[in-house]
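Given the sequences, and given the hints that come with them, work out the whole structure.
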Amino acid sequence: MQEIPYTVAVRQDTGLYNAKMGIWLFLASEVMLFGGLFSAYVLLRVGAGEHWPLGATYLNVAIGTFNTFVLMSSSITMLMAWASLKMKNFGHFKMYQGITIALALLFLSVKGYEYSMKFKHHHFPSDNTFLAIYFTLTGIHALHIIGGVVVNSYLWGPGSKMWQAEPERFTNRIEVAGLYWHFVDLVWIFLFSVMYLL
Amino acid sequence: MSESHHEHESSFWKKYIFSVDHKIIGLQYGITSLIFLLFGFTIMMLMRWQLAYPEQPLPVIGKIFGENRMPGGIMLPEFYNQLGAMHGTIMVFLGVVPLAVGAFGNYIVPLQIGAPDMAFPKLNMASYWSFFVGGVIMLVSFFVPGGAASSGWTSYPPLSDIATVGQTMWLFGMAFLITSSLLGSVNFIVTIFQLRVKGLTFMRLPFFVWAQLVTSFLLLLAFPPLEAASVMQLMDRLAGTSFFLPSGLLISGQPLANSGGGSVLLWQHLFWFLAHPEVYVLILPAMGIVTEILANNTRKPIGAYKLMVYAIIFLGFMSFIVWAHHMFLTGMGTAISSFFQATTMIISIPSVVILAAFFLTLWGGAIRFTIPMLFALAFLPMFGIGGLTGLPLGLAAADIHLHDTYYVIGHFHYIVAPGTIFALFAGIYYWFPKATGRKMNTLLGHLHFWPSFVCMNLIFMPMFIQGLAGVSRRLYDGGLTYAHAQGALHWNVFISMAVWTLALSQIPFIINLLVSMKCGEKVGDNPWEATTLEWATPTPPPHGNFTRELSVYRGPYEYSVPGASRDFSPQYEEKP
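Top line first, the protein sequences correspond to chains A and B. Residue 153 in this note's numbering sits at position 153 of the first sequence, and the numbers go up by one each step. Each number in this note's numbering comes from the position in the second sequence (counting from 1) with 1000 added on.
Simulated from the structure, these hints should not be mistaken for laboratory data. Since the model is a prediction, treat every value here as computed from it, not as a measurement. Hints are not guaranteed to be accurate.
Partial list, derived from the structure: chain A residues whose beta carbon lies under 8 Å from chain B [claimed, not checked]:
#1 Pro-5
#2 Tyr-6
#3 Asn-18
#4 Met-21
#5 Phe-26
#6 Met-32
#7 Leu-33
#8 Leu-37
#9 Ala-40
#10 Leu-44
#11 Ser-73
#12 Pro-125
#13 Asp-127
#14 Thr-129
#15 Ala-132
Ideal Cβ placement from N, Cα and C applies to all residues, glycine included.
As structure tokens, then:
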């Protein structure tokens, strides 16, 4: 059977291997998904006028800031994991990738704590449109984090066996997973500014 | 193909059901979507009975639908609404798009660009199965309490927010269909950019591939906002939020318990942001198919190929900024209306460019009136009528009169039914010999084409008359209790008769499709004497497609090249 070309090698005229182009397209689609949600936020807020509450009335800015730093750090360690593979240092990759996953889990725990505090104070999505869009946006973002944790854990654990046979392809996989992870991080920065600070 | 290749003893399941081969997946998409098309059409035939003979029991089969749908064989309004909503949903999301993109795109695109398969074969399989699950959810929703979704294929809130559980099923079904289309569109774009064979530059791509490329971009970028909207509607329905429920809403005289503060227009914006590009998703692959068949059967290069490419790219961009012409009557303001009216007029230009190029291709051609060519030729005036009748709808002032009438139904059905679906039929007749090694029967083809062509016009032309007379769409009694409608009601029986005749004229097609697979006339690798790469494979193409190294030396439609020994010069043949 003829092999599918450019799974690992870069095609000259596009400058990309297949998976890298695929993830960029996927991220373009993700931009449209979050773009739709943020547009909804804008429309609802404009419609509500002065009734729209300040983010800080419901949300704890300190916790949100802490979580922002957690996620940004995980983005850096994700980059370090990829760089380690580029420098053929598998041990460092294991460490950095492990830290990335741990930080993501820390982020989710903090998020879960925030959610539980909301419920404890009887703040539910059905209370008003601010809480509705808050829970929807952060919920969808959290699902993206969970998806990233699953993929990163696979690449850290069983998936890393590929390093022995096809190191270049495995490095590419980490790069692609990293691009996704940076995107999810970026979404959070927008989300944090819009929901907590504005 | 490498010599070390060894045959796997693959089981039936692996080879035909969970296959990662783009051709098998294409056929899976094709068969599934044809069944859905037939199902969606059957739903419509039930509705046409109700419209032609309101309050009369449906003979013979009326009883089997049960007391909560058709007591005594007479259709309940609730059931009519379910059929209406699901006819639209099934035809668009489970019938035409999967056939045009999933089936033809999957089967033909890798062949036409000289690729061994799609770039991500496993994603391709996941895309089909996600589509399949979405379809099953939609079908099952007919049997949940309250029946299927009944708020129209557009699912406008607040009606959809308070509808029965079928609407929740619809939203979950859509989530699967959106996932499927996301996986598919990423795959198509990467395949077309990365896997083009040596020498196949972008300006040598067959127009069909261009159409699929632009379509994939539309699917990739237009669907996610609907996914966002679906999530919000699910939140409204399941978590009690008020994204689409304004303050002070009364339901049957009772104030709604929700917090309010939402916006019904928000849904419409997000929905049409998808659904207008979706219209081009319906039509662009059809234009691609027609291009291939016109060039092949006129034995002429396609007129103004480069202009067509620029037109289709422009069309793709513009399709993202015309959506609110569906919303002129929502009171969103004249300034916004003017903007969308202007963009709508502009987007008709590239469509006219492409249609004009088609007609120019016919000029002076030595036309072969094959069955695919008949369908492709019929596409031109039908799409023309559909397009031209759209112009009054795009003008905000004229739309006030025509909005939500049968005129609208006639307009978009002219584009999708005798337009896109005819092009899809053309594609089936054209590429059938590549997939099976046999031609479809010509006599049965004529028996399929002529009555279908006549009936399509008998069905949709009177709808313009009804619409201009003011008959609203979605009236379950066909307008019986509607004062405006009285003068145009006699067309209802006429249209319904034509619908049932149209159904009968699909029988030759079904017979042809099934019988020709086993008993059709055997043909060689390139029976239509075509120029594009899919005809360079063995027939049917094996796993991995091409048995020799290919290079492309020329443009896609070099027919009747002066000085050449034959009237077609394939892309894969070196210039002398």
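Requested in this report: Would you check whether Tyr-6 (chain A) satisfies its interface hint, that is, whether its CB is within less than 8 Å of any CB in chain B?
Outcome: Where the cut-off is 8 Å and the nearest Cβ of chain B is about 5 Å from Tyr-6 (chain A), the hint holds.
Report task. Have a go at the Met-32 (chain A) hint: is there a Cβ in chain B nearer than 8 Å to its own Cβ? Result -> Holds, because the Cβ-Cβ distance from Met-32 (chain A) to chain B comes to roughly 4 Å (cut-off 8 Å).
Query raised in the report: Do the numbers back the hint for Thr-129 (chain A), that is, is its least Cβ distance to chain B under 8 Å?
Result: 4 Å, holds
Query raised in the report: Was the hint right that Ala-40 (chain A) lines chain B, CB cutoff 8 Å?
Result: Cβ of Ala-40 (chain A) sits 6 Å from chain B, so the hint holds.
**Report entry** Pro-125 (chain A) as chain B interface residue, shortest Cβ-Cβ below 8 Å
**Finding:** With a minimum Cβ separation of about 5 Å from chain B (threshold 8 Å), the hint on Pro-125 (chain A) holds.
Requested in this report: Could you check if Leu-44 (chain A) really has its C-beta closer than 8 Å to a C-beta on chain B?
Outcome: OK, holds: Leu-44 (chain A) within 8 Å of chain B, min 6 Å.
Query raised in the report: Taking 8 Å as the limit, does the beta-carbon of Phe-26 (chain A) come near enough to a beta-carbon in chain B?
Result: 6 Å, holds
Requested in this report: Under 8 Å, Cβ to Cβ, is where Met-21 (chain A) needs to be relative to chain B, so tell me if that hint holds or is violated.
Outcome: 5 Å, holds
**Report entry** Residue hint Asp-127 (chain A), partner chain B, criterion CB-CB below 8 Å
**Finding:** Cβ of Asp-127 (chain A) sits 6 Å from chain B, so the hint holds.
Requested in this report: Would you settle whether the hint for Leu-37 (chain A) is holds or violated, based on the nearest Cβ-Cβ distance to chain B being less than 8 Å?
Outcome: With Cβ-Cβ at 5 Å, under 8 Å, it holds.
Query raised in the report: If you take the shortest Cβ to Cβ gap from Ala-132 (chain A) to chain B, is it below 8 Å?
Result: 4 Å, holds
Query raised in the report: Per the CB criterion, is Ser-73 (chain A) less than 8 Å away from chain B?
Result: 28 Å, violated
Going through the hint list in order, the structure does not satisfy hint 11, though it satisfies all others.
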